[in-house]
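> Chains A, B, C and D supply the protein sequences, listed in that same order.
Using the working numbering, the final residue of the first sequence is 337, and nothing's skipped along the way.
Using the working numbering, the final residue of the second sequence is 674, and nothing's skipped along the way.
Using the working numbering, the final residue of the third sequence is 995, and nothing's skipped along the way.
Using the working numbering, the final residue of the fourth sequence is 1346, and nothing's skipped along the way.
Incorrect hints may have been included.
[As the list claims (entries may be wrong)] EDC-like mimics (lysine to aspartate or glutamate), calculated; alpha carbons at most 20 Å apart, straight line:
| no. | chain 1 | residue 1 | chain 2 | residue 2 |
| --- | --- | --- | --- | --- |
| 1 | C | K976 | C | E700 |
| 2 | C | K679 | C | E955 |
| 3 | D | K1252 | B | D529 |
| 4 | A | K295 | B | E533 |
| 5 | D | K1229 | B | D358 |
| 6 | D | K1226 | B | E598 |
| 7 | D | K1254 | B | E598 |
Everything labelled a hint here was simulated from the structure, so no lab data went into it.
These numbers were taken from a predicted model, which means no experiment stands behind them.
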Amino acid sequence: MTTVSMREALNQAMHAEMRRDERVILIGEDVAGGLGGTGEDDAMGGVFGVSQGLVGEFGRERVIDTPITESAIMGMAAGAAMTGMRPIAELMFIDFMGVCFDLLFNQAAKFRYMFGGKAVTPLVVRTTIGAGFRAAAQHSQSLHAIFTHIPGLKVVVPSNAYDAKGLLIEAIRDDDPVIFCEHKVLYDTVGDVPEESYRIPFGEANIVRSGGDVTIVALARMVNFAVKAAATLAEKGIECTVIDPRTISPLDLDTIVDSVEETGRLVVVDEGYPRCGLASDIASEVAEHAFGALKAPIKKVTPPHTPVPFSPVLEDAYIPNDDDIVEAVQATLAAGR
Amino acid sequence: MPLKTFRQAINDTLVQEMQRDVRVILIGEDIAGGTGCEGDGDAWGGPLGVTKGLISEFGPDRVLDTPISEAAFMGAAVGAAMNGLRPVVDLMFNDFVSVCFDQVCNQAAKCHYMYGGQNSVPMTIRANTGAGISTAAQHSQSLHPVFSFFPGLKVVVPTSPYEAKGLLTTAIRDDDPVIFLETKLLYDMEEDVPDESYEIPFGEANILREGGDVTIVAVGRMVHVATEASAALARKGIECEIIDPRTTSPLDTETILESVEETGRLVIVDETTPRCNFATDVSAMVAQEGFAFLKAPIRMVTAPHTPIPFAPNLEQLYMPDPAKVSAAVQQVVGYQG
Amino acid sequence: MEKSKLLTAYRKMRTIRDFEERMHVEFATGGVPGFVHLYVGQEACAVGVCSQLEGNDTLLGTHRGHGHALAKGVDARRLLFEIFGRAEGLCGGNAGSCHVHDSSVRYIGANSGVGSGAAIACGVALAAKTRSDGAVAVPLIGEGAANQGVVLEAMNLASVWKLPVVFVFENNGYAEATGSDWAIAGGELWGRAAAFDMPGVAVEGHDFFAVSEAAAELIDRARKESRPAVLELRQKRFYGHFEGDAQTYRGDGEVDYLRSERDCLTIFTDRVIAEDWLTKEELAVIDEEVTTLIADIYEEVKEAALPAESRLFDNVYASPY
Amino acid sequence: MLPGSKARASRFLLVRIVEVETEKIVNAVEADTAGILVRRVAEEGDTIVVGGLLGVMAERAEIADDSVDVFVAEYQEHFKSVAAEEGTERSAEPVDIEVGGRKMRYLELGSGEKTIDGMGGDLNGWMFNQPALAEHYRVLALDLLAHGGSVKELETGSLEELAAAVLVLLDAVGVDEAHFVGHSLGGAVTVQLAAEAGDRVNSVTLIGSAGAGTPVSRSYIDGFIGANRRKDLKPILKQLFADPELVNRDMINDVLKAKRLDGVEVCWRKIADASIFSVEDLTPEAVLGKLSMPLQIIWGKEDRVATRPEERSMPENVVMHVLDDVGHMPQLEAAGVVNDLIKTLVDGGNS
């Protein structure tokens, strides 16, 4: 077990899987970098450096740089997946789904169903989500809810280095298209990660902390804020259970419902937009399946219904944080049937 | 008042708004049809005949046929809207947003905000929506939740010819990008529609039926499904209140909450796939804001988490129907806490 | 070219250069939020094109847009304030470097959905054509973005609809860390024009005179005939894709060569003096004024007020509910 | 894609929601028998002919089901035969005609006199009066300019303009003289007509009238014109009735439908300024004293919209009737009484 960053953990997972299975290939813009230039060959390793070193070991046949052409990348990856490869396609920012949505949403996601089970599409789309980098409205979105809405896709939102590695390996070995959402701000967060390969199953939530007063469900970066909030609240004698679903499609509803059955109170935290988003999705499932146990209104903690602003002061106000979660927990404790 | 079909009501509205304001133009594939052919210059009037006759009255400078090139003409509409025109774009099937998603969700929706309010983007995107005519997985989706997710867009789902005319008039006169979704199965529905122009404001729900036992919120054609169910339920002594939000963004949360305050029970009917959809959105809103009113779990009646099948019998099974709505209503009425 | 136009062009190029060189320094010291993509080396491209635009013509910029904005006449101070996320910024702090927009000078936002500007330009031109106001729309498109489907769709649409759009491809050598010679099939963007039935021209982007001459002809034709055209400008950027880019994809000595042999400012200065169009003294006056301006605004921006938090909720809708 | 194809929709098409007036107001206003609803015959979504059976009320809830069945069957049988006899008369439709280049709408039933409606209302506002009176007379209900189905354009919105349009309409349908009934704004128009063309006016009935020399609530008019959403309009409409509970969803929706038509708000604002607020400073004597034909005034005691003139301030030629437990809409709230009063005046005047 060594302490590595989430970036490094993801890099390990790709190294290991590409060694293990030669059908695994990596496709994307500057996943290596340097093509057509006169400088170094592995100049970028992805804009966030996650795929650094792969081209050195596996060569350009398996680490494939592309022109800036997301629709062709995703189409190519879906086609390759359907015909025997296991591509990892990089969509640099999830916001760029705008230019390749058809290939993911109308093609890859639906092949198996439309073709009556005759097609297998083992495709992983690695992409980045999240605000916090002052990258404004078109490079900061958390669009995982859009993909969750679509049947045929699986959606992963890791919150730490250990989970990231195990979930990426699982994603690569899975036979369905998986949207793997990496939060930009988490790349540098470190954790203990085994050097060996391991898998974390989809649809199994992680109970990060247990407490009997309130259940907090949080995703990706929001898990860290939830843990921080729970610590603050513990000092005041309020004990929270913090649940990280890890995958949101499939969603481990049982773990969430079981917890709410005990605590009777739910706060859902998500960095995606508030309308038709994940916070609403989870809240609505609980309102249907754990209604009898609920003692107070469910509270959602999300950004407001606005695009992501640029100015640091505005972006900081936009992103939900531990203070917002503490406030929501206290509000749900104050309310009651 | 003259009886008009849904199709005629939309056609009338376009004619009247184009007469009223020279800045209103139409853009889309085959909205006239026949351009570049030897035959009739108004060959189609849109694949569903909705825009028939407009090119004869307004000419090719205001009724613009396009190549099959959604990304280009949607982007062009954004540019035209920012530069003084008020384009009405026919996207044909709402599923096609996937090939111009960037233009809709990253450009149209965000320009006003990103640019600090300097330019508005007064454009209307008309698209047909919904299953029921065996157009299978890529031409039958109901994507209002995806659009409602994005701040900056307004989303309209009219339920009848009268409603369609008033809401489309409002949409065209509105200064923001509006997604106007026409349910395929409603095009031939007839109703009294005034010849005069009129606006129905956004964000005001329509209460179609009053009843004290259960609130049913439904959108688009599901309103009629709910109405049919409520007639049968009334014979069993269960009185439903039916709310048609008309616009899913903005959403008239007040009317929904007021109704749930009366009835204490909520069923939401939505033709979309179940995850992160409009039903979860409304449910979560009520679970947060109207929890104290609730006497029973909120039930959601939606399509299953699958793509839309082709075979007519499977497609029927896929869509919510009055029997499913009745069952859900009876469950919440019979709930023993 | 008239003397006043030459002076204006020089002032703009000099302003962009100093604005960006200072930005490079400020970014390294951590004062600039987010990402910036610098335009150093490419000044003659945007300034050359804009020298041929009239007041009601529209320029559409890219994420590498500081130079685009300044060339179109955007106020340097308010541009800088926006890049620093200050209340007085052009867009009140909602845009930042990548989305700067100024409708008062008909500069439509820098756009970081690369290639989208090409399609939006078609609509801007359509509106101009509808009103018969004789205006032209000029989208600037990086050579990397040129491979996005939407750009090819927009070229087709502009030709089919007969729109006054001049697609200007800024071929600065690299799409992020990938070389343009590799990424562009056929190697030449101007050559794609013929397939869409429009003229295509390529010129060296470090030569202001070559750029403005080519732009003059294509813009004039677009205006008079309402037809699109392609202009490819070739000039490598001096800095990385974004600030912080280690640029290991570049060859040894490449930037030194660019700075000594391909600097548009030096080339411009040498030419105007050799031809006796301008004097060294006239240029020196501008240099001094620009130096003062840049120093002043960079000083001012650090103390400038931040946007009120309530602004977070403003301008989501033009007609809010 | 589906070139030229028609969506297969008919299976899902629905009948129009019940005509407002029939279900809701009959329920609320006309059901003067106290009782318990023991059987709902009509369902929402059904369209019921006037006179059709909506439900059965009984004095006791525990009435036997089979006796209700018998009643329903008998009623339906009877109703069918009555409807067959009455035949075409029941299905009369409003008529649009061009008068002086402007579209106006009216509905003609029976044979006899004319009615004029109030502001914001339309000819449907006489639904409880016109059929009953039409059993004795030829009755025209009409939409004033900018109301109902009439044109939504006005020059000034003055009483002169509104009254002139009525006269042109009467010429067009060949009516030389008539008895006039006017409610609210319609009353003001009637007064104007009677002053201008007294020889064509046999008698005048003013109901909760504007233009009778007393003020009309400015907050009501401003609120009524300005409200464009259900929530804003509801409290305003409640001012119309003695029993605010009479304001229901369908009524609000119908008013909203009318208000939302392009041009309506601008026209009504003009009318308010030029016709309603401009004549409120006069006195009843000054206005009504000039008129020589038989004249009666009907006012709800609870009217919160139009100020009721004091009886002693009335000129001698005027008879005044004040109805208890009635607001600004006597013709709906107490239709039977109003119908009788109109009939008495008309018959008295003619005999």
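> Compare the structure with each hint and give your call.
Results for each hint:
{"no.": "1", "hint": "C:K976 to C:E700", "in the structure": "holds, 11 Å"}
{"no.": "2", "hint": "C:K679 to C:E955", "in the structure": "holds, 17 Å"}
{"no.": "3", "hint": "D:K1252 to B:D529", "in the structure": "holds, 12 Å"}
{"no.": "4", "hint": "A:K295 to B:E533", "in the structure": "violated, 52 Å"}
{"no.": "5", "hint": "D:K1229 to B:D358", "in the structure": "violated, 33 Å"}
{"no.": "6", "hint": "D:K1226 to B:E598", "in the structure": "holds, 16 Å"}
{"no.": "7", "hint": "D:K1254 to B:E598", "in the structure": "violated, 29 Å"}
Figure legend: structure checked against the earlier numbered hints; hints not met, in rising order: 4, 5, 7.
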